[in-house]
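Enquirer: Please take these sequences and the hints and turn them into a complete structure.
Protein chains in written order, with full-length UniProt numbering: chain A, 1 to 292; chain B, 1 to 249.
Take the hints with a grain of salt, since some may be wrong.
As the list claims (entries may be wrong) - To spell it out: a stretch of chain B is covered by chain A in this simulated footprint if at least three of its residues, at any positions, have a beta carbon under 8 Å from a beta carbon of chain A; those stretches are:
| # | segment |
| --- | --- |
| 1 | 76 to 89 |
| 2 | 108 to 120 |
Unchecked claim - Label pairs and their computed distance ranges (CB to CB):
| # | chain 1 | residue 1 | chain 2 | residue 2 | range |
| --- | --- | --- | --- | --- | --- |
| 3 | A | Arg-280 | B | Asp-207 | 44 to 52 Å |
| 4 | A | Ala-71 | B | Ser-187 | 30 to 38 Å |
| 5 | B | Asp-141 | A | Leu-275 | 29 to 37 Å |
| 6 | B | Ser-187 | A | Arg-280 | 41 to 49 Å |
| 7 | A | Leu-253 | B | Val-73 | 56 to 64 Å |
| 8 | B | Arg-121 | A | Ser-170 | 26 to 34 Å |
| 9 | A | Pro-281 | B | Asp-141 | 20 to 28 Å |
| 10 | B | Asn-205 | A | Arg-151 | 39 to 47 Å |
Everything labelled a hint here was simulated from the structure, so no lab data went into it.
In this text, a Cβ means the ideal position worked out from N, Cα and C, and glycines have one as well.
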Amino acid sequence: MIAYLLNLATLATVFGILAASLNLLIGYAGIFSIAHAVFFGIGAYTGAQLAILFIPDVLLACLAGGVLAGALSLCLALPALRVRGEYFVAASLGLQMMAVTLFSEAHSLTGGHGGLVGIPMPTLFGIDISEPATFLVFCLLVLGGVLLAIRMLMRGSFGRALMAIRDSESAAEAFGKDVPRLKTLAVGLGCTLAGVAGALFAFYMAFVNVESFTLEQSILVMAMVIIGGTATLAGPLVGVLLLLLLPAALSFLPFIPPTQIGAVQQLIYGGAMTLLMIFRPAGLAGQSTGRR
Amino acid sequence: MTDLPLSVRGLNKKFGGLTAVQDVDLDLQAGICTALVGPNGAGKTTIFNLITGNIPPDAGEVLVNGKPVRGMVPHRIARMGVARSFQDLRLFGRMSVRDNVLAAIEHSAWLWQPGGGAARRAREAAVDAALDRTGLTALADARAADLAYAERKFLSMARILATGGRIWLLDEPASGLDPHSRARFVSLVRSAVADGVTICLIEHNLDIVTELATRIAFLDRGAKLAEGEPQAILRDPELIGIYFGERRT
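Expert: Next up, the structure:
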């Protein structure tokens, strides 16, 4: 039972980093990307290859995964600079579909559909941290660092600039904001953090393949952010806990046959999303929209 | 360097087959308020959008302090001291009143602003002064979207005030204001003019135009028909006829 809970907690922590990184784009900058799983994947493949070919140091893997995902996020930033709103969503969808094909076909880098297997146990400065509780502590420290960095940035001028662009791009420009550059920075930062989450995911699973980086994964992470509450620190974490732990919780209910858990889960998700958008569109942890 | 803070020469803009602005010349003289007056669809807001770089002109030139700005992106023109308001305000609705004003004066597109603590304190002082002059100090922590209509209008003015810009383009800033708020608005603009700010005002309320403007440029269907002192323009029966809906041929 403890091993099961540790597994859930570690996955929730990794997805917490991923959702927090997407919140930077959706919640603060107003950039609706449905290609976030791509950068999660780039981080995972980079971390896995580094561990397999060179050294299984988890810190190095996080750095490499983050840097490569951040650098390649320019592929997403370029359309973000040129198009607005729904056009960007379509552009990111195109990138997501293209990336899945590349992940599936670039066998030498990704292992194709079979994925990369035999990822070594994670170490930190040569010390083995593969024991589940130790690895969870490391993931929690990374999550804490990520949340602290986001909090500091979003309370400063960078956060105000992104939120100004989110609320009115033309007014932000009229007040001297270099919108393309700020959007590029936001995309770069968000995708770097997604890459870090990916590297942790690769070590934890000890195996990665394209199934973890599909459009469904991007939509799941987006749902975590929106249901939890955009533009808040706690929102993405609430969303992760809800969407990741709900399937696990349902499996403990004796009156739901195991074969029906999937269907019940879909009904609950669908109903919750509908009710949430009607009664609390800012998400569970979001600001209510009352007027004084 | 020229004496004119802002000049427009031969400005033209068509949207498909519709001529929105046609051969408009306009000089904003330093330290006075010039009003753009004309019926709906005269091209007044389009001229603002052409000046600020939001839309590119088909022909013509815009000079800010004698420097051509055609082709420049809006944020670069804004940093030359051109501040504008919008008809629909375009506040940063989910941000606080204070953050709305602060965001308007933080120009660095990096993770932080240059200048350290001294620059930060100067920005905060500018925000405090702007909130004080617009009567919004007590609402500094309120969310912009939660403000009453008049307070939103004054917040849009506070953002402009804080920038320290010397050229203001105000697009219907007093529309929908109650008499008390309108008097406050007039007083605010007068004090800015007294401080030497150059203002271009689009306003449908001719009483406010008369109170504030030293010059009026009258536009109709994208063309400037007349320019002069308010008494001369507003007593011209042909122009007033056009303004109130009698179409010219």
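Enquirer: Which of the numbered hints are not met once you compare them with the structure shown?
Expert: The structure conflicts with hint 4 only, although it agrees with all the remaining ones.
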